[in-house]
Every structure is written in C-alpha cells, then in structure tokens.
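Below, each chain spelled out in residue letters.
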Amino acid sequence: MGRSESVPSGQTGDHPSVPGQRPADGPYLRVNDLRVRFDTEDGVVRAVDGVSFTVERGRTLGIVGESGSGKSVTSLAILGLHNAKRATIGGEIFVGGRQLVGLPEEEVRRLRGRDMAMIFQDPLSALHPYYTVGRQIAEAYRVHHPRAGRREARQRAVDMLGRVGIPQPARRFDQYPHEFSGGMRQRAMIAMALVNDPDLLIADEPTTALDVTVQAQILDLLADLQAEFHSAIILITHDLGVVSQVADDVLVMYGGRAVERGSVEQVLRRPQHPYTWGLLSSVPSLHGDADADLVPIRGNPPSLINLPSGCSFHPRCRYADRNGDRSRTEVPELRPAGQEGHLVACHLAAEERQRLYREEIAHVGVAR
Amino acid sequence: MSEVGTAPAEAEPLLRVRGLAKHFPVRTGLRGHSVVRAVDGLDFDVRPGETVGLVGESGCGKTTTGRMLVRLLEPTAGTIEFEGRDITHAGRRELRPLRQDLQIIFQDPYASLNPRHTVGRIIAMPLQVNGVAPAGGVKARVQELLEVVGLNPEHYNRYPHEFSGGQRQRIGIARALALRPKLIVADEPVSALDVSIQAQVVNLLRQLQRDLGLAFVFIAHDLAVVRHFCQRVAVMYLGKIVEIGDRADIYERPQHPYTRALLSAIPDVTRLGPGGRIRLTGDVPTPLDPPSGCRFRTRCWKAREICATEEPALVPRDGGGQATACHFPESGPVPQEDGGTAGTAVEEVSK
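From first to last, the protein sequence lines are chains A and B.
Here the first sequence is numbered in our numbering, starting from 1 and rising by one per residue.
Here the second sequence is numbered in our numbering, starting from 369 and rising by one per residue.
Extracted from the complex, chain A is given alone in its bound form (with noise of 0.2 Å):
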C-alpha cells in the first residue's frame, strides 16, 4: 500500500515531531506519552495521562480497565473522534508511520474508515436506522474509493456479509439494521469497519452487549478475520476473560494511567502490579473454591478530576505504607518488571513483589 517506503528520519520519542512525518518501520501503530484532558466546568479532567504503547500487524493487544480507566478515550483519540474545542490531546500517535496528533480534520478524516476502523459497543446505535444495513456498508466503501461504481460497492459489501458469516448475505443486505438480531447487527458492523481493508482495527467492548454464546462466535470471527487479514487490532474490555481468550499484549489502565504492560502470558499468568492483582482476584471463576468469598479491591475508582497524589492506586493498595511516602508522592514510572517486555509502574521493590505475588496472591482466586 506503499506506506511502508517511508523514508527512516531518526524520530526519536525525545523530540515533539512534526504532524505526519515518517518514522522508522516498525509496529503499524505507536502511542507515545498520549494525554488527554478535558476542560470541564468541575476542574480539568485527565482522562489519559501520559499513556505508551505499540501495536503490530497481526497482533491484537487487549486494554483492559474499568469504568474511567481511559480506555475508550484512548481509542477515541486514536482515531481522531475527539472534539477539539473540548479535549486537548497532546503526545505522539503514529499510524502506519503518520503522525496523527496536529494533523488537520480533513487528513485524519481520509484515514479513518480506511487505513483505522472501529467496531462500537453497540451495534444497534451505532448504525443508522433509516438505511439498509447494505447500503451503510457500501458507503463506508464509495467514501474511500470515489471511483467505485454502485454496483461495485453493493458487491464488495454482500462479499464482506458473506465474510463475517451472515447468511444469505444478498438478501440482507436491502434489509434495516431492526430486522438483524443483536449478534447478526455486530456481524454487519464488523463487515462494515472492514470493508476498506484497514489495517488497524479497534473494537471498542464489542462483545459487551452481547449474549454469551454469541460472544463466543464474535471472538472467534475476529480472529479468523485477523488471521486473514493480518491488521493490528486494539481490543478494549473490562472482561479479563475475553483478553485471556483473543489478546497477545494487554495493557492495564487504571486512572487514566498505563499501570501494567505485557504480553497476555506475563500480564495474567505472573501479573506485577497489585492492581492487576485485585482485579483477577475480585472475578468469579468457573473453577476452584465456590463457597469461598471473592477477594475484592477495597473502595471505588478515583475521580478523574481529583485524581489521588502519587501513585493513583495508593488509597485502594494493600501494600501501599509499604515504601513510607513514596506512593503518596511520587508518580510510578513504568518500568521493566523482569522478563522481557514485561513493565509495571509501582513502587514496590522487585524482589518485594515477587514475594508478596508468591506467598499472598498466587493461591487466591483465579490468579492461580
């Protein structure tokens, strides 16, 4: 697609770059020190505060993170969907090598839809009911390619609903998003994001309103899709389960913050931060102790306008007075947590860790 010629300009993460100049190949999405804040009549709402992270091709990485964690605000971002009288962005989001943070509207606009798609939560919102669900998904495809005759896209879209498993996809296509269940509508919203062949695709909790048995089939469609088209996907979630089924990387968010970074291996099977660790904890399982109680976090997710001091997680952390004021006053930075590519931002001493996740956390709940 001619995007990966791109000349190699010694970008480094130190230096502001310019909007839409070319970095080095390398992973076909980069978030370097993302913020996102928004200036509400309450105070000023940091809702991603410096957040980093890489996504390649054929890769899916899972964001995981409750209510307020930033999650979607990233991905919003990403995609250039944030009001710009509202949200000031500001760090570096490099996209097949473009850098998307100060490129105009009309720029961003050209790549969405064709080089970035999103799935949304709810499928049923998310597409128009006035139109055929066919004609929405030919649209999305006429938009990119002014060239297309009608019947060229009307076709490409009855291929892309024959794709996603939809059956008798050229009789559904003249058919209203109302006349499609819950399942079929995700289908034809996932034919519809990628319909253009992006190569970068975020799925915003796009099994969440689902039922369960059809949450299965959407998870194992993304990844057969992925399989065959080999794009990076971003998959946001609060389901740990579905990040244990479907990622490769995860990313923990908590207050707007990356707080644990790995791949699903390190991140669920020998998880580092004491978030990470409450909230394997606090899910019930299928497996082991029924009768016991759930181990939950202690209080409730900060607010983001009044974010705690130091380490955000400090008022929930067990082991929080375990480094005298430290969490209370110092920021955790990221930082290596061991095996490779592992990262976790907390203050506990390594060794201290290992030993807490060994003798208090590894036996408990479904962090076994």
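Hints in this document: simulated from the structure, not taken from any laboratory.
Where hints are given, some of them may not hold.
[Said to hold, decoys possible] Just so you have them, the derived chain B footprint on chain A, three or more residues with Cβ under 8 Å:
hint	segment
1	170-183
2	264-271
3	330-343
Bear in mind that the values here come from a model prediction, so they are computed numbers and not experimental data.
Virtual Cβ for every residue (Gly too), placed ideally from N, Cα, C.
Position chain B relative to chain A; hints supplied.
Leaving out everything else, chain B in the frame of chain A:
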C-alpha cells in the same frame, strides 16, 4: 452445601411456582395480533434461606419471571404460592402484608433510586408505605441498615448522585432489607458494576444471606457470579427451564446440551487462548414464534426428529435433584480444550 433438589425435602417451600407463564400480546403488521411467550410454564421451589439462581441469555424470560414473583407483572397462567398461600392473583390489599416478606433489588442502580430523595428517605420509604414503625424510630433503623450494607450511617442526608454505582446498589439493598423480608428477588444486581465493585456487592449479599437467613431468587446472565452465590440453579431458554439442579450438578455434571454450551462459551481467565470447544451457531430464536418441540433444537447438535415433534419434559435423572428437559441428555463433566468428543462433533455439525 445442603442437599436441595426438586424432591420434597423436610422444609415446606417458602415459594412454590407451578406452570407459571406470561404471554405479552403484540401487534404484528397493521392488523395482526400475536403473543410473545416470554415465560411459558415454569415449575420450581425456593426453600427458606435458600439461594436459587435463574440464568439464561437475553430473552429467556428470567427478568419477566422475577417481576411476576414480586407481582410487578400479572401472570398469564400458573400459580405462585408463598408460604402455602396462593398469591398469583392477590389484589393490592392482600399483597400488602406480603410486600414485607418479598422484596426486589433492581439491576440499574442509577434508574432505581429517586434522585430527588435523600438516601434516608429512600430507605425509609418501604417502612412508611407499609405503616411500619420500627422500635427506636425510623432514623435509627435506616442508619442501622446503612451500616449493615457497609455505608456510613452519617450519609443519611445525602442524595443518590453523591454515591458511586456500587454504593447505590448498596442503597438499593438496604431498601430491600428495610422490612426484614424472607425472600429477595435480585435481578442482575451486579451486572452494571465494575469487576472490583461487583465482588464487593456479591460478598455483601452472601454475608446477608448467611447472617439473616434470607432466601434469594438471583437472576443473572453471568454463570460465574451465580456459581459464587447460589445453592441451586435453574437454566432457562426461551421461556422454559431446560435444566435445574444443585450447583455441583449444573457446573460439574451438566446434562442439557444448552447448559454445556453456555458453560463452554464463558471466557475463562484461567485459560489463555481460544476458549471452550462447544460453539453454538446463530442467535436465540424469537419468542414470538418459538421452534416446535424442544425450543433449543434449532441450535442443538444432537437434535433429531423427535426433538421437533415432541417437547421434552423436565424430568429428574439419576434419581437425584437434577432435572433436565432433553431427549438426549449428556453425562459426565464438560469436555475441556484438549479432547472431548462432544466438542469435535459440534464443530463438524456447525460447519
């Protein structure tokens, strides 16, 4: 865990449901009329202090059932007996004493609390409506309830918007407890909450159940949550119970293909990579026009001719408390990822 089955046990059931049905009339097209068989003949008992889970996917009728149990909806057919009294069609006045024994917790902690009322007023409302004057005064009782559900009694005068989602759900629980009920119908009480908060509320409900000896009908789509709360579980599909049994029966030895598929579909954090092997195709059919015979047959890999012609009855197997409505029930544990012939068969059939 005590042995609680469908067979008559020592204790008289607190709640006895027989043939319960709810049909909603709907308009189809310009003149047509039709009925949605949301709930279509349920039988189950709830003993004092017992927790029974109603699980199933959307449209299976679990919420409609819950609402009929507390008589927010009028049943179309069947009977509901509470402590031996038929309350199926009890009028407003007859229901009043019953309301004290039978309470409900709603799913949405935002929509179920009046934003203009203080927490104190919200929790005191059931006392007031039912003309109950607690010893020591209403305020003392409300503060006691706040403490029971883990909220600060000083927050008596605050409004719902000052609380987080988990705290609001605690307020809803305190309100349900105000009249010292014997049975609480909890309709998806934790599904709107974040995981870390969900665990707090599940633990609170477990503790209340233990301390106060409350019976629960716990309605949920999340089988893992139900496993941590319920002693007995009924699995519903398109308005029918397809399988009912003790927790261990349902989770370790499920016999109905649907129960197996449901368990297999849950993404499990303890396993990395693609999940269980049983994959159902398609969605749940519409309750406007449910399949003939066994309602699950259109998605079932074991379906044969008899399944289309004859509806399987919910009958006990193995002489125990586990009952399954299936012509070809399964046996043994659910196959895990490596092996299990059932799984492979499904994959072939579903292609």
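Against the structure, the hints:
1. 170-183: holds (count 3)
2. 264-271: With 4 residues in contact (Cβ-Cβ under 8 Å with chain B), the coverage given for the segment 264-271 of chain A holds.
3. 330-343: violated (count 0)
Consistency note: the structure conflicts with earlier hint 3 alone.
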